[in-house]
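On the provided structure of chain A, position chain B as indicated by the hints.
Spelled out, the chains give:
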Amino acid sequence: MFFSIVRFASVCVPRFLSSPPGSASSRPVEVAASLALLPFAKPKQLLLPPTERTHTVQFVIILVVKQQENLEQELAHIPFDELQKARADGSHVIRLNTAYMQPDKPGRANKNRPMEMSSKVRVGRYREVIQAPKRVVRDPRFESLCGNLNTEGFRDLAEETRVREKVPSQRRAPVATSLQNVVASDRNVVASASTRRERRRREEVERQRRAGEARGSSWRALVVAPEQNAGRVLLLSYMPGSGIDILSCMRLSFLQRKRMQKLQKLIKKSKDPNIIEDLKNHISWIDKQLKSSSPKNIESEILSEHIKKEKEAAKHGKHPYYLKKSVIRERKLIKKYDELKASGKLDSFIEKKRKKNASKDHRFMPYRKSSDDVQR
Amino acid sequence: MKRQRVKNLSRIRGGKKKPKPISNGDDPFFEADAKRRRKGVKAFNDKEELESLPSDESEAEVVGGEDQGEEPEETAAETRFRMAKEHLERIRAAAKKLEEEEGGGEGDEMNMEEREGRRDSLVAGILQKDQLEASGRVRRLIASRVLNPEPDDEFKVLVKHRMSVTAVGLAEDDRRGFSASKDGTILHWDVESGKHEKYLWPNEDVLISHSAKGPQNSTSKRSKNVLSLAVSSDGRYLASGGLDRDVHLWDTRTREHIQAFRGHRGPVSCLTFRQGTPQLFSGSFDRTIKLWNVEDRTHMDNLFGHQSEVLTIDCLHKERLLTVGRDRTMRLWKVPEESQLVFRAPASSLECCCFINDSEFLSGSDDGSIELWSILRKKPIHIIKNAHALSSSHDEHLPANSKEGLPNGNHAGGSSTSVQSWVSSVAVCRGSDLVASGAANGVIRLWTIASDDKSIQPLLAYPLVGFANSLAFSKSGRFILAGVGQEPRLGRWGRVHNARNGVAVHSIRLSEEHSALY
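Chains A and B supply the protein sequences, listed in that same order. Going by the UniProt record's numbering, 119 is the number at position 119 of the first sequence; the sequence numbering is gapless. Going by the UniProt record's numbering, 282 is the number at position 282 of the second sequence; the sequence numbering is gapless.
Just chain A, with the same shape it has in the complex (with noise of 0.2 Å):
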């Protein structure tokens, strides 16, 4: 630490700097002589007297706590004509180690650490007053991290949600990966089944929660909360392109009927006349909803069930063909007239058929009489 004596301008040399006066002028920084002083705290200024003083001897002094091989380097950082405005009252000040000296810093050492940025620049009418958070915009039909859509499953898992909204009894227990889930779910609905009113509110207070469920689930995962009884939780995922389906595994048709024998068996137990009218009316309209299939899933079910064979015979080495349009109608037409033939409801069908047709054909039969019938 030490006092270092600057010398600037061309002025005649006192005897104890070093250098000769002519170079002075060249080297506008010379380090004369060293005075050991007692140690201060570093200041990082040059304080530089004012220029009032005489032209011909310019001495500078510069207070800089440092050692002396270091004080030239610094100071040739800095332009001539900077050192020459700096003023000792400090109205112009030269800073060393400044951002603007520095060369850019890697970054911070450590994430946590605050962002250390420069003072100088200046903030513009155009700014950004509060950093709020970008929304990223995902969209999953577009993302690649979300995989293909399995139209099947996502379709079975709408049929299920939308079952589940009605049939009040069939929320309980959810299609579950295990017959004896359903089971013991059931057992809950005998022992809460008190009154109708009670079920009616648990029915209001399910539907809503299975609504807001519904809308809210994505198609990849659904969650089902802990029912008040049983207190399990059912996950049902849904992994797109995996070719995992858990819901056709398990058919709703099934399910239903043996709901529908749970349910009769009710009947017969019970003894209030209210309930078994009910549990009646219940079974009335789970029978309803069994009959009407919606016309949509039969294109689905005879490719799924294609697919299936094609999958069986690729396993012994032919190679899979893709169903055509046309295959498909036929096949429609075919499962059509089974389920009729079946229901006895063949020959209606058939003549009702031929009568619209008749009454379409008839507008091409010929009404008026012929030339030859007119001149006879």
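There could be a bad hint or two in this list.
Here are the simulated lysine-lysine pairs, PhoX-like style, with alpha carbons at most 25 Å apart [unchecked claim]:
| no. | chain 1 | residue 1 | chain 2 | residue 2 |
| --- | --- | --- | --- | --- |
| 1 | A | Lys85 | B | Lys290 |
| 2 | A | Lys111 | B | Lys290 |
| 3 | B | Lys378 | A | Lys120 |
| 4 | A | Lys311 | A | Lys291 |
Some chain B residues close to chain A (C-beta under 8 Å, calculated; not the full set) [to be verified]:
| no. | residue |
| --- | --- |
| 5 | Thr254 |
| 6 | Arg287 |
| 7 | Leu291 |
| 8 | Asn293 |
| 9 | Asp296 |
| 10 | Thr298 |
| 11 | Phe304 |
| 12 | His306 |
| 13 | Trp333 |
| 14 | Pro336 |
| 15 | Leu341 |
Bear in mind the hints are in silico, worked out from the structure with no lab data behind them. The C-beta atom is built at its ideal place from N, Cα and C for all residues, glycine as well.
Structure of chain B alone, referenced to chain A:
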């Protein structure tokens, strides 16, 4: 040449170990002052005596008196040396007295020298401790000594103002305070007695001659609304800033307006002096911070970075500033290195801030929460939510179970969204761990900064009605001043009708320290 060097030395040295007379260059007025102080009481008495004589005799006598009393000029270094010696003698005497009180008979075996040596080491320890505390390296543990207030201890209005008080300042000697209000009244007053004197605003012409800026619209009057005050450490200068975009400089001795600094393009919302120097920092609604020198009456520097209005500024001995703004950031400015550190607050604009020491800061925000920050983390290390919640029941002495189990700290049981929950000021007792925060929910809360786990712990709550726009602690921690108003400092978002505009003081009871030597 020698003189100049000495002057530079005194400016550079940051913390001072011993008190020294303020040597202010070549101004003859101040030189005479220093001389008078140097000679002590005797010379002053002579002068008084001389002045009481009739005039023509007194003139000659006065001159003679001056000639007789004149000693060879003492430099600042010699003054410092002399005062240090006196200080040391005093401590030695006190230590000797204590020793004699304690061990009367057993000192016969030891020599005089051994005893002296022991006493001196004790004295050295005391001096070192004092220096560490004064420079802020060691934290004084005051918060543990704070006692519960007596029933008759309450906030007493010391000085009344007509409109809401916006700023309160305290001189270094804790005896004189300064306050300013929205109608432009600036007063200084004595803390013990409450006697106050007003600072008179000069004419518009005089202001213009002092290089003030005219109002933006030439037909409108200059707004005298003062938003902020700052007192220099030597107690000579008072700076005030307000809606008229100028920083006004006043002399505290004559209560006159010295100069106005123009340059800010928006209302000046906060001011602070760097401790021990004539550097003044001002922050304004135009998002800049300007650095001024009150000795040289010049503008030195600009600091940019805030994205929205700067609301509060604070500075300690180092050339480092702490500011908070409406852009939800708190910035630590390293002025010589021309860089800033940005700390981000969770989703609420910060209203006030203060330095606890060089690496810990405290801030209050407008969602009613108080945050403790460290220089190493960009987010607060401890947050107290709902610190000034408006409670439906006015039970202010909080029981222990009112704090809910949020990880940091939550005083639940009331809403914190109204204007009366905005924490408008925080203050710290210098160099200690005692902190106070003020809002308008009727209470000034005292907190302590726990040093082991770096958290804020609640301590006490003093009831106070009105918006606590500004708080100031005394250096000793014996009392706290609050600038109270019916409206918030920067606007009129709310009003508390039964509040008294003025400066209120509350004394803090401290249990005695066991190692008080002198």
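Comparing the hints with the structure gives:
1. Taking the CA atoms of Lys85 of chain A and Lys290 of chain B, the gap is about 21 Å. The hint holds against a cut of 25 Å.
2. Restraint check for Lys111 of chain A and Lys290 of chain B: the C-alpha separation of about 30 Å exceeds 25 Å, so the hint is violated.
3. The straight-line distance between the Cα atoms of Lys378 of chain B and Lys120 of chain A is roughly 21 Å, inside the 25 Å bound, and the hint therefore holds.
4. Between Lys311 of chain A and Lys291 of chain A, the direct Cα distance comes to roughly 30 Å. Violation of the 25 Å bound is thereby established for this hinted pair.
5. Annotation: Thr254 of chain B was flagged as interfacial toward chain A, and the flag is violated, the nearest CB pair being 24 Å apart, outside 8 Å.
6. Restraint check, Arg287 of chain B versus chain A: the minimum CB separation of about 6 Å is within 8 Å; hint holds.
7. Against a cut-off of 8 Å between C-beta atoms, the interface hint on Leu291 of chain B is violated, since the closest Cβ of chain A lies about 10 Å away.
8. Checking Asn293 of chain B against chain A: minimum C-beta separation of about 6 Å stays under 8 Å; hint holds.
9. Interface hint at Asp296 of chain B: satisfied, since its Cβ lies 6 Å from the closest Cβ of chain A, which is below the 8 Å cut-off.
10. With 8 Å as the threshold, the beta carbon of Thr298 of chain B comes within range of chain A, its nearest partner Cβ sitting at about 5 Å, so the hint holds.
11. This hint holds: Phe304 of chain B has a C-beta 5 Å from the nearest C-beta of chain A, less than the 8 Å allowed.
12. For His306 of chain B, the suggested interface contact is upheld, since its CB lies about 7 Å from the closest CB of chain A, less than 8 Å.
13. Taken as an interface hint, Trp333 of chain B checks out: its beta carbon lies about 6 Å from the nearest beta carbon of chain A, inside 8 Å.
14. Checking Pro336 of chain B against chain A by beta carbon gives a least distance of about 5 Å; that is within 8 Å, so the hint holds.
15. A cut of 8 Å between beta carbons decides the hint on Leu341 of chain B: the least distance to chain A is about 4 Å, and the hint holds.
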